[in-house]
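Protein chains in written order, with my numbering: chain A, 3 to 501; chain B, 192 to 686.
Hints in this document: simulated from the structure, not taken from any laboratory.
Incorrect hints may have been included.
[To be verified] According to the in silico footprint, chain A covers these stretches of chain B (three or more CB under 8 angstroms from chain A):
id: 1; stretch: 257-266
id: 2; stretch: 331-344
id: 3; stretch: 490-503
id: 4; stretch: 566-580
id: 5; stretch: 620-626
id: 6; stretch: 635-641
Because the structure is a prediction, the values reported are computed rather than measured.
All C-beta atoms, glycine included, are put in the ideal place defined by N, C-alpha and C.
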Amino acid sequence: MDTAQGYVLVTALALPLLAAGVLLFVPGSQKMTARYFSAVIGAILLGLSVYVFLAYQASGEVLQMQLRWPWIENVGFLGENGISLHLGVDGISALLTLLTGVVAFAGTLIAWKLEYRAKDFFILFWILIAGVYGTFFALDLFFFFFFYELAVVPLYMLIGIWGSTRKEYGAMKLTLMLVGGSVGIWIGIFAVVHEAGLGTFDLPTLWAAGENGLISAETQKIIFPFFAVGCGVLAGLWPLHTWSPDGHMSAPTSVSMVHAGVLMKLGAFGIIRLGIQILPEGAEFWMPALLVLGTIGALYGAIAALTQRDFKLISGYSSVSHMGYVLIGLATLHEVGVSGAALQMFSHGVMTALVFLLIGALYDQAHTRDLSDFGGVAKVMPLWVIAYVVAGLANVGLPGLSGFTAEFHIFVGAFRTYPVFGGLAILAAAIAAAYMLRMFGVVFFGPLNPRWKDLKDLSPIETISAVLLILSMLAMGLWWSPFTDRLANTVTSLPGVIS
Amino acid sequence: MRDFTLFIPEFIAISGAVAILAAELIWPKIRKDYLAYATAAGALAWLIAAIPYIGDTPGDFEGLLLTDDFTTYFRILAAGIVMAIALISAHYMRDRTSTAGEYYGLLLVAGTGMVLMAASRELLTAYISLELLSFSLYILVGYLKRDRLSNEASLKYILLGAFSSAMLLYGISLIYGVTGTTSYEGIAEALAAREGGTDAATVVGIMLIVAGVGFKVSAAPFHMWAPDAYQGAPLPITAFLSTASKAAGFALILRLFTGALVVDAVEWRAVIAALAAITMTAGNLLAIQQSNLKRLVAYSSIGQVGYMLIAIAAIGYGDAATAENASSALLLHIVGYTVSTLALFTALTAHYNRTGDDTIAGLRGLAETQPFLALVITASLFSFAGLPFFAGFATKLLLFQASMTDGLLWLVGLAAANSFVSLYYYLMIMRQMYLFDPPEGQTRFRPAPLLGALAGLLLLGVLFIGVYPQPAFEATDRAASALFEVSASGLLRLP
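Looking at chain A on its own, in the form it has when it is part of the complex (with noise of 0.2 angstroms):
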């Protein structure tokens, strides 16, 4: 079943791993050599991605570009197919596949400005792009996970070694919490094994097997909260969302990116994956339950936000906000609300990056992030300040922007199944308004603070970076078809989504 385009997955999944194998023989010295390696491989990766994201069929199959390497199999209690290196790509997945990149190249073009043992960074930046890819690509139970550990990992070091304030705090509850989480879903997948008796890890088999009763209804319900709370933690499932603040706000600048933009979407990409797709009865009886959290969390976000002064933080928690938004469309178990969730999860993918790209470079200059240290920060950097203004409004969900399409069809399906909680998720969205407009009246204008007529204006790099995430705000704004045409056969193809 091995396809050509295949091998362009295969060639997304290994570029990284092998960027980070090269770079383990640069020389510490070679700063420029490590940046412009990183560079090129950052732009064919994004080269592959918008490939995979054009070249998959809004028309055809569900699965496509499918390729099985066998790995380990017929030996122990491994059957046929027991362990394949199975990859492939739905509706969901490709446009997360593009998500992924834009935002890390955007995130190496960033990481640019690091001197600090700038090629470990790079080292462990690939081996976490690696990690994501491979968790968006994997049809296999046990690369699913081997790949989604290999993306949190990395991250204890990026933050711990290269973060700001009380990094070691952050990166070790980040850490910890993010891997306890893992510790739910790897009892699920024994679980889940165990009980389909199979001796495979090939998950459309056990797709098959969670619609087709092989799992039990009460087994499914069962096991469904280790998938549902384990994948939770990183998508910031409130109420355990907490390392998301600390860890955003002490992490390196492209790391926060690729962090807020990517990683917390594998968390609710595994909630599909593994949740949604394996235990299908299990998902229904507990999407309710999942509904209050991601509202409690979208409200709670909000909220949160509006009274921090760090810019971080109030990213940080609007982040939690906007995943809660996912959380709630995949609750509904509505094709336009899941379709929502895939929008907004891209959406504020490419919008938080801009707002993270954009904080570390007022940063990096300013050695401040507290709001009311600044004031009239426009006169002085007007393009800094545009770029802020497109992402909040995102944010704030104004119509020709991504945040708009996502949001719309979250509410819209929210409203056809719960309506009251169609009605949080507004008022949720009004909060937003407010603690977006507060901080632009804050920073942007007013009185210029003397302190700041140095500043610097965006660099080109960074104007690239924050010029590519625009664009993709845009486009899913403006025109929306191609991204809602890819989705609308995978959504419709989750066993449990009603239409």
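Following the hints, put chain B in place on chain A, whose structure we already have.
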């Protein structure tokens, strides 16, 4: 029939031991690291001699010993471990002792003891093999005779070891009293043929045996000797204790429990499951508080023993297929664990030879002063924690999955939670190495080429097992099925 050709590899090992002892007698001034290289060469010859036995027809020696794929598997493992330990010891022992012949000779003898434990199919032979290994270890642990900690460690180890041997022997005698035989097959037959259920003597006998071997593999609550012995022993012997002695313990347990006691699984499986739970939890929780690296590794390896015991519990709870799958996954995990541990100790020894510091804080800034060693330490710790790309990820996942039977979900869940706890203290070591700058005056250094090369080789092994475990898994699968072919020939396993 007395077929001595079955044990050619062990004859090579023992001849090597004698030759090394003699060499030092004849040339007292011989450079001590040459003895290490000679030992490694002997172990290599031993390993090569073992290769033709792979897949060979099982050979029976007087009903006492059996050379099948299971034995061969442990032969290769033992020879490999002895070879690595000898190389790790080369510089370490040269700098610390004036006589090393006994040290290297006893390494080979201990390795032979390990093989015989795996080959034994009769209780007394198993006991004697166990003592062969233990006595060698008592001496090796106390080998640094001017070092108080080493002396203390050896004394504690001997006293507690003798105590546990006594329990084991008492258990053996009770089982003999009930069944009238010491051969595994005979015991299984006699236990199966009993009428009117189990009697107290059998239960007590089994429990005493469990306690005895529990001591040897340092399962909690019989683990008290381990941290002191690990801390006091010469660093390479600490590595030997945490690999060979544990692997040998599990070889004996696997043979005994699948071959003889499985008939009475109902009597012991709950105890083993409880032992596994206590061992992994105690090991991991106590490891958190350690400041000495050797003690930390001791507790962490106690945690690993807890994971391994799950497979033994699964043998008791599951059907024949589960038992075989769990055994094969356990053997795979033992390989992964052994290679990771050896890699860790190679790097630690290279560091210790340079600094003489075996505290966790002593690793401060190692990523700056010696990035390669820091990488090897990281890889082996991550392998213990079960993170992707390293051996532990694949082997632990397969071990837990294979041991998953309906009665054991809780235990597997607990093990997963314990893995999480263990990550914390491994991260504390990482933190020292990567997050801090080295102390004043410490500059970049190069490890000794020998240790550097060995560490690199073992690192490749850790990665290979982690990324592509198929070949290793096939080998352990063969070993495990050999184990069950023997039991299948008897009338084992009641429904």
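Hint check results:
| no. | hint | verdict |
| --- | --- | --- |
| 1 | 257-266 | violated (count 0) |
| 2 | 331-344 | violated (count 0) |
| 3 | 490-503 | violated (count 0) |
| 4 | 566-580 | holds (count 4) |
| 5 | 620-626 | holds (count 4) |
| 6 | 635-641 | violated (count 0) |
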